[in-house]
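Enquirer: Sequences and hints are given; from them, build the entire structure.
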Amino acid sequence: MAETQILDGARPEAGGGEGASPGRRLWRRIEPAALGTGSIVLMLVLWQFLPDVLPMKAGTKLFFTVPSGIAATLWQMFASGSIWAPLAVSAEAFILGLGLAILVGLPLGVLLGRSSVLAAMCDPFITAFNATPRLVFLPLLLLWFGLGLWSKLAVVFLGALFPLLINTYEGVRHADRLLINVVRSFGASEWDIARLVVVPNALPFIIVGLRLAIGRAVLGVVVAEFFGSQDGLGVVMVRAASEFKVDVVFAGLIVFAALSLIMTGLVQVLERRLSRWRPQHVNAD
Amino acid sequence: MPERAERPDRTTEPPAEAIAVRPRFAFRYRNFLLGTLAVVAFFAAWQAIFLFVPLNPLFMSKPSLIAAGYVDLLDSGDLAHDLAVSAVPFFLGLAAAVVIGVPLGMVMGWRPRVGYALDPLLTIFYASPLVALAPLLVIFFGVGIPGKTIIVFSLSVFPFVFNACAGVRAVDRRLIDVVRSMGGGEWDLYRKIMLPSVLPYGVAAARIAVGRALIGVLVGEFFAASEGIGFAISRFGDLFAIDKMFGCILTVMAIAVVLTEGIRFAERTAFPWRTGQ
Chain A
1 MAETQILDGA RPEAGGGEGA SPGRRLWRRI EPAALGTGSI VLMLVLWQFL
51 PDVLPMKAGT KLFFTVPSGI AATLWQMFAS GSIWAPLAVS AEAFILGLGL
101 AILVGLPLGV LLGRSSVLAA MCDPFITAFN ATPRLVFLPL LLLWFGLGLW
151 SKLAVVFLGA LFPLLINTYE GVRHADRLLI NVVRSFGASE WDIARLVVVP
201 NALPFIIVGL RLAIGRAVLG VVVAEFFGSQ DGLGVVMVRA ASEFKVDVVF
251 AGLIVFAALS LIMTGLVQVL ERRLSRWRPQ HVNAD
Chain B
1001 MPERAERPDR TTEPPAEAIA VRPRFAFRYR NFLLGTLAVV AFFAAWQAIF
1051 LFVPLNPLFM SKPSLIAAGY VDLLDSGDLA HDLAVSAVPF FLGLAAAVVI
1101 GVPLGMVMGW RPRVGYALDP LLTIFYASPL VALAPLLVIF FGVGIPGKTI
1151 IVFSLSVFPF VFNACAGVRA VDRRLIDVVR SMGGGEWDLY RKIMLPSVLP
1201 YGVAAARIAV GRALIGVLVG EFFAASEGIG FAISRFGDLF AIDKMFGCIL
1251 TVMAIAVVLT EGIRFAERTA FPWRTGQ
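For the protein sequence lines, the chains are A and B, in the order given. With the first letter of the first sequence counted as 1, position 198 gets the number 198 in the numbering used here; the numbers rise by one all the way through. Take any residue in the second sequence, count from 1 to its spot, add 1000: that is its number in the numbering used here.
Bear in mind the hints are in silico, worked out from the structure with no lab data behind them. No residue lacks a Cβ here, since even glycine has one placed at the ideal position from N, Cα and C. Certain hints may be false.
[What the hints assert, rightly or not] Label pairs and their computed distance ranges (CB to CB):
#: 1; chain 1: A; residue 1: Gly38; chain 2: B; residue 2: Asp1238; range: 38 to 44 Å
#: 2; chain 1: B; residue 1: Met1182; chain 2: A; residue 2: Leu42; range: 47 to 53 Å
#: 3; chain 1: A; residue 1: Ala34; chain 2: B; residue 2: Arg1173; range: 25 to 31 Å
#: 4; chain 1: B; residue 1: Ala1266; chain 2: A; residue 2: Gly38; range: 35 to 41 Å
#: 5; chain 1: B; residue 1: Leu1121; chain 2: A; residue 2: Ala85; range: 41 to 47 Å
#: 6; chain 1: B; residue 1: Val1099; chain 2: A; residue 2: Asp231; range: 39 to 45 Å
#: 7; chain 1: B; residue 1: Phe1059; chain 2: A; residue 2: Leu44; range: 45 to 51 Å
Expert: In structure tokens form, the structure reads like this:
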């Protein structure tokens, strides 16, 4: 009996073949989504009722919040409009830093991918900067750029640059030699090669780099605002934490997470739009 | 990327036998030589530029000053002390992440229902900038080892979970069938099949987790600390002791590179069949 149980647990398809009842088949289809949502709902419910079940000291209660409280705070922040000003400040640093990283990272990645000498020379620096958490430069950047937009922008830029640069570089290096040679034998310049062959081919790599860069950029905004800023959503969160307004901290976290998810979703849309021309078999790899 | 047949890209290249031994040596180490050259040139240029430009010691430093400051830091033992302080939460947090993350990921990979249930939940946590909870954790758990360890753990556990899960899902089904037909039970499968198969994935996860763990330590120490390497960096910044600050920053960079590249090297040596990724 134990043996069949293992089989069933390991491969749910083993239990229901063609002969399974319609109900079972339906359940099999919706099971992943149902279990996934179920666990999230369960966690929220447990969290919501934890204070009722578990006796807490007054001191601990000060640090505790429940989902309904977070939702109410979030709603209130949007309804009163108090979120827009700090969010705009954070978004400005995010967009400018990410934009600058794209403007620098893509051309540099293409350049390094096309020139092995340059790549070899830049490799130690890229390895070192990529391995190091960019956060370590924050005190230095604060010293150089002062509190405010510029130091924040620099942190976001440094965070987002390397995933973009490295992925573009890898993508360019993977470009099909044959295609490059064809284009070149028709008299294409290096610019034409980049435009016609290399960049379109590197697109899947670049998109992955962009997705990573978005995550890093959001992280950069958060930490830069924690340590060196006077306004922005991160600042709101730190102030709230020191005033024990735990709801506001979680609300800020949710807004940042949503920002990152929305941007990643937009990138996915962009990817589909840009790779429409791509033959299916190339996509499959 | 699909494996493409090797195509000679430059037909004018001489055949291998025609290349003398010495150029071949230079060619093999070409990338290394070029890289070293670039690093040396970078520091030389950094040093040289202040022969022409006046140095404002409040904002910038140069390699000779950084080296002098570094000797100071080493002599006084401050650096060693700060590093030792930071290393404790770093390793404790990472160890906890391995101990909890890998088994959790293995169960998620092996039991589809557990996977269905936990995957979305953990993905949400992984995607959200959890560093944002750092102020709360620091206030709640204090500025000492527990607070920092929890920050490190919460940042570095996810790579282990997701990689262990992927490792189990990549297990060859036939191996499982063999163990079963030999009468092996669930526990044998975990121990004899899944653990070895997860190992390379776990090492790859460690490479990612190390970077996140460093972020955790630094965030914890930037917030509120009285010692530790992150605290040292921000204190030297406040004191405008730029040369010592650069020394600490370069030390963190060196540690990060050694850890990341060391793990990468271990991956290549121990699991040579897993190139890439």
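Enquirer: Any hints from earlier that this structure breaks? Give me their numbers in increasing order, please.
Expert: Numbers 1, 2, 5 - these are the hints that the structure violates, sorted from lowest upward.
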